[in-house]
Amino acid sequence: MNNRIKEYRARFNLTQKDLAKKVNVRRETIVFLEKNKYNPSLKLAHDIARVFDTKIEEIFLFE
Amino acid sequence: MKKAVVIFIVAALVLATVGLWIFFASETFKLIDIANFGIIFLLVAFAVLIGYKRLSGAKRGEPAEDELSKKVMRKTSSLSFYISLYLWLAIMFFSDKLNYETHTIIGIGILGMAVVFAVCWLVINFTGIKNE
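Top line first, the protein sequences correspond to chains A and B.
My numbering puts the first residue of the first sequence at 824, with every later residue one more than the last.
My numbering puts the first residue of the second sequence at -14, with every later residue one more than the last.
Chain B extracted, bound-state conformation:
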């Protein structure tokens, strides 16, 4: 129950931060900013979905975590870390060719890592885990 509430709090904080960013932005938004907003909203929606699943499970009296969910999280973490290494390698390679500021590139990298994590979680949840 607590973990589900934490997910909702973090999602609300992220949305509030994006709101502040939009409210205090002095320049007009570029295409990359709009793409960033889109990805952030998708990730928040993903977090809310997980939070809702956990909350509804807790209401039914199910444990918030069990051996399968722990294993899924462990495999997701290791796989997304592995893929993220290549993501940063690609960002390093393309950073010279793109005319973005350093903080924008770091932001893209962090968002990319979050997307990689979400995709890995979805794939592992869909395919399942077998002890090969």
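With the rest of the complex left out, here is chain A:
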């Protein structure tokens, strides 16, 4: 599973720290997500999608 978190973060002008704070996780978790080293839970995926005001499948690309 790939994701477009980095792209959306740049679009919304958010730092990793900002996004981490908004979805209540540690910054390392966002780093791991962006490097595709971690697949998030459904709740975290939902929270991230909500921050970017879009659908989960727009951010997380299932292959």
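Incorrect hints may have been included.
Some chain B residues well away from chain A (every beta-carbon gap over 12 Å; in silico) [stated by the list, open to error]: (1) Leu53; (2) Leu83; (3) Val101; (4) Ile114.
Reference listing, derived: stretches of chain A covered by chain B, where coverage requires no fewer than 3 residues with Cβ under 8 Å from a Cβ of chain B [to be verified]: (5) 826 to 838; (6) 849 to 856.
Think of the hints as simulated: they come from the structure by calculation, not from any bench.
Heads up, the beta-carbon is just placed ideally off N, CA and C, and yes, glycines get one too.
Given chain A's structure and the hints, the job is docking chain B onto it.
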């Protein structure tokens, strides 16, 4: 924040115990004792690193634990337990061939388990976790 402080307290207690051990030791230290000190200091440094990371995270307003850190800890625990079983098997096999006292062998085993845990944590943190 509390968990980070607990890590520092445990690290300080371990160092104090090693200090007492060195201070009250009646015999001169053997090579294995010096190796034990080295490993203990490495493990304490590792614990302090984790504590520092948690403390700095707490200062930034981040949660002490989140779903990734919990998952890393869970996977580290299971993997290190699995490897430790083989470690004890190896210790049992070699214990007849080595001329160490029982308490020394148990100490080596416990230190070995701590090292296995630290290495597993580092490997899992480096490689990441994917829900395969």
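Quiz item: Are there three or more residues in the segment 849 to 856 of chain A whose C-beta lies closer than 8 Å to some C-beta of chain B?
Solution: Holds, because 5 residues of the segment 849 to 856 of chain A bring their Cβ atoms closer than 8 Å to Cβ atoms of chain B.
Quiz item: Taking 12 Å as the cut and beta carbons as the points, is B:Leu83 off the interface with chain A?
Solution: B:Leu83 clear of chain A: closest Cβ-Cβ about 40 Å, beyond 12 Å.
Exercise. Taking the shortest Cβ-to-Cβ distance between B:Ile114 and chain A, state whether it exceeds 12 Å.
Key: Since the minimum Cβ distance to chain A is about 6 Å, B:Ile114 lies within 12 Å and the statement is violated.
Exercise. Run the C-beta distances from B:Leu53 to all of chain A and say if the shortest one exceeds 12 Å.
Key: Label violated. Min Cβ-Cβ 4 Å, cutoff 12 Å.
Exercise. Can you take a look at whether the segment 826 to 838 of chain A is actually covered by chain B? Rule is 3+ residues, C-beta closer than 8 Å.
Key: Contact hint for the segment 826 to 838 of chain A vs chain B: violated, 0 residues under 8 Å.
Self-check item: Cβ separation check - B:Val101 to all of chain A, threshold 12 Å
Solution: holds (22 Å)
The earlier numbered hints that this structure contradicts are 1, 4, 5.
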